[in-house]
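> Spelled out, the chains give:
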Amino acid sequence: MDKYVCDICGYVYDPEAGDPDNGVSPGTAFADLPADWVCPVCGASKDDFSKED
Amino acid sequence: MNAVEIAKGVYSVGVIDWNIRDFHGYSVENGSTYNAFLIVDEKVVLIDTVKKGFEDQLLANIAQVIDPKKIDIMISNHTEMDHSGSLPRIMHAIGEDKPLYCSKMGQKNLSEHFKQPWKYHAVENGETLDIGSRSLTFLETRMLHWPDSMFTYCKEDKILFSSDAFGQHYAGFELFDDVVGHTIMSHAKKYFANILMLYTAKILKVLEQVRESGLEIDMICPDHGIIWRKEPEKIIAAYDKWSRQAGEKKAIVVYDTMWHSTQKMAEAIASGIAAEGVFAKPVHIRSSHRSDIMTEVLDAKAVVVGSPTLNNNIFPTVSDVLTYMKGLKPKNKIGAAFGSYGWSGESVKLIRAELEAMKFDMMASDLRVQYVPDDAGLESCVAFGREIGRAVNKALE
Ligand SMILES: [Fe+2]
Ligand SMILES: [Fe+2]
Ligand SMILES: [Zn+2]
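Chains as they are written, first to last, in our numbering: chain H, 27 to 79; chain V, 391 to 787.
Hints listed in this document are in silico derivations from the structure and should not be mistaken for laboratory results.
None of the values given here were measured: they were computed from a predicted structure.
Beta carbons are placed, not taken as given, at the ideal position from N, Cα and C, and that holds for glycine.
Any given hint could be a false lead.
As the list claims (entries may be wrong) - Derived coverage of chain V by chain H (criterion: at least 3 residues anywhere in the stretch with Cβ under 8 Å from a Cβ of chain H; other residues may be distant):
| # | segment |
| --- | --- |
| 1 | 529-536 |
| 2 | 586-600 |
As the list claims (entries may be wrong) - Here are some chain H residues the structure puts well away from chain V; computed CB gaps all over 10 Å:
| # | residue |
| --- | --- |
| 3 | Asp-28 |
| 4 | Pro-41 |
| 5 | Ala-61 |
| 6 | Ala-70 |
All chains should be modelled from the sequences, with the hints used to inform the complete structure.
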């Protein structure tokens, strides 16, 4: 599963780790994150993320 | 500095740091200020504190207006230590049981900085606090320039307390834009280039939201430097322009040199650029500060970087500037690399790779000269400069 980087602050969403602090369990693909999920560091929305290369 | 009433019942109580010259690696040639604001209403509110070491001055300024114990609410717009360093002392002075208003990220970050059992009140974006004849609205501005950053807006006085945004590192008794005059813009520009350039996409969004919300702003009170009261729209327009990073008809040639060969190249390249009608400036790195170089980068359309090859590598001061520049993420630049070398000449291709990583639109070729550029070598530099100048003109057509 691909990692995604926040274009605003540099936070990396790692599907293996998920975002448990915000109710996202480990193993959740970026695409499966709820539409209203935001970057836990800076609050950017999903469309501010790009796939890590 | 004394307490100054900037609007009825609203006081500037911050301090001047005349002697600071290095602000976390940013050169501050004539000091800075850490601003804090006191609002005396049915409830008494303090917005932000100052750097550690200036607590006594802050408390003395507050005491000119009111007994610090009478402060009911502490608001922290930003966690960074230049604004929070005095919080422990101030909370102690006003009373540890007083509510401390900040953003959600502010609560997280202040807790990590200070480990104090303060009575945090983490605000929602847009939340309003009634303090008597006035109301304060909190606007989250995450990553402008930390995750915790927020603005506090007073609707009745039309004052925006903007934290670091719209600030300038400028020390002086001149408290307002109309008093200090237009020279302040160069400080505001340097501040933007070094603190905010990497968040320009975010800034454009925030400015758009401010426009759409119809927020009326008569005064902008940042946490550093002067207050914008005569023409707040002027600094907002400047932020809009700087954030777009369209680039002006300008190129900077940033270089370092060991035996003046790369210097000769830089100056010849700059003359070639200027010959195409583009403003050009060679900037020798060890004669400038990286933070001043970034101010030049902000509005340059082309950034040309030169380095001699030292021990098969880029000259270290050039790497310093490249690392700093990369972090600030300049956009829409034309890039070019050059340098003199002795036998191996790796620096130029290493610079190219760095500039490519910054997504600069690179000139098709680089320019290397072995040892000292002779007349033919210098002519090739002028020709290289002309090519860059033409590329700038074409890009801005
Ligand atoms: Fe800051
Ligand atoms: Fe600051
Ligand atoms: Zn983020």
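> Next step is simple, just say for each hint if it's right about the structure.
Status of each hint after checking the structure:
1. 529-536: holds (count 3)
2. 586-600: holds (count 3)
3. Asp-28: holds (21 Å)
4. Pro-41: Non-interface label on Pro-41 of chain H holds, nearest chain V Cβ at 22 Å vs cutoff 10 Å.
5. Ala-61: Correct as stated: the minimum Cβ-Cβ distance to chain V is 18 Å, above 10 Å.
6. Ala-70: With a cut-off of 10 Å, Ala-70 of chain H comes too close to chain V, as the shortest Cβ separation is near 8 Å.
In summary, the one numbered hint that this structure violates is 6.
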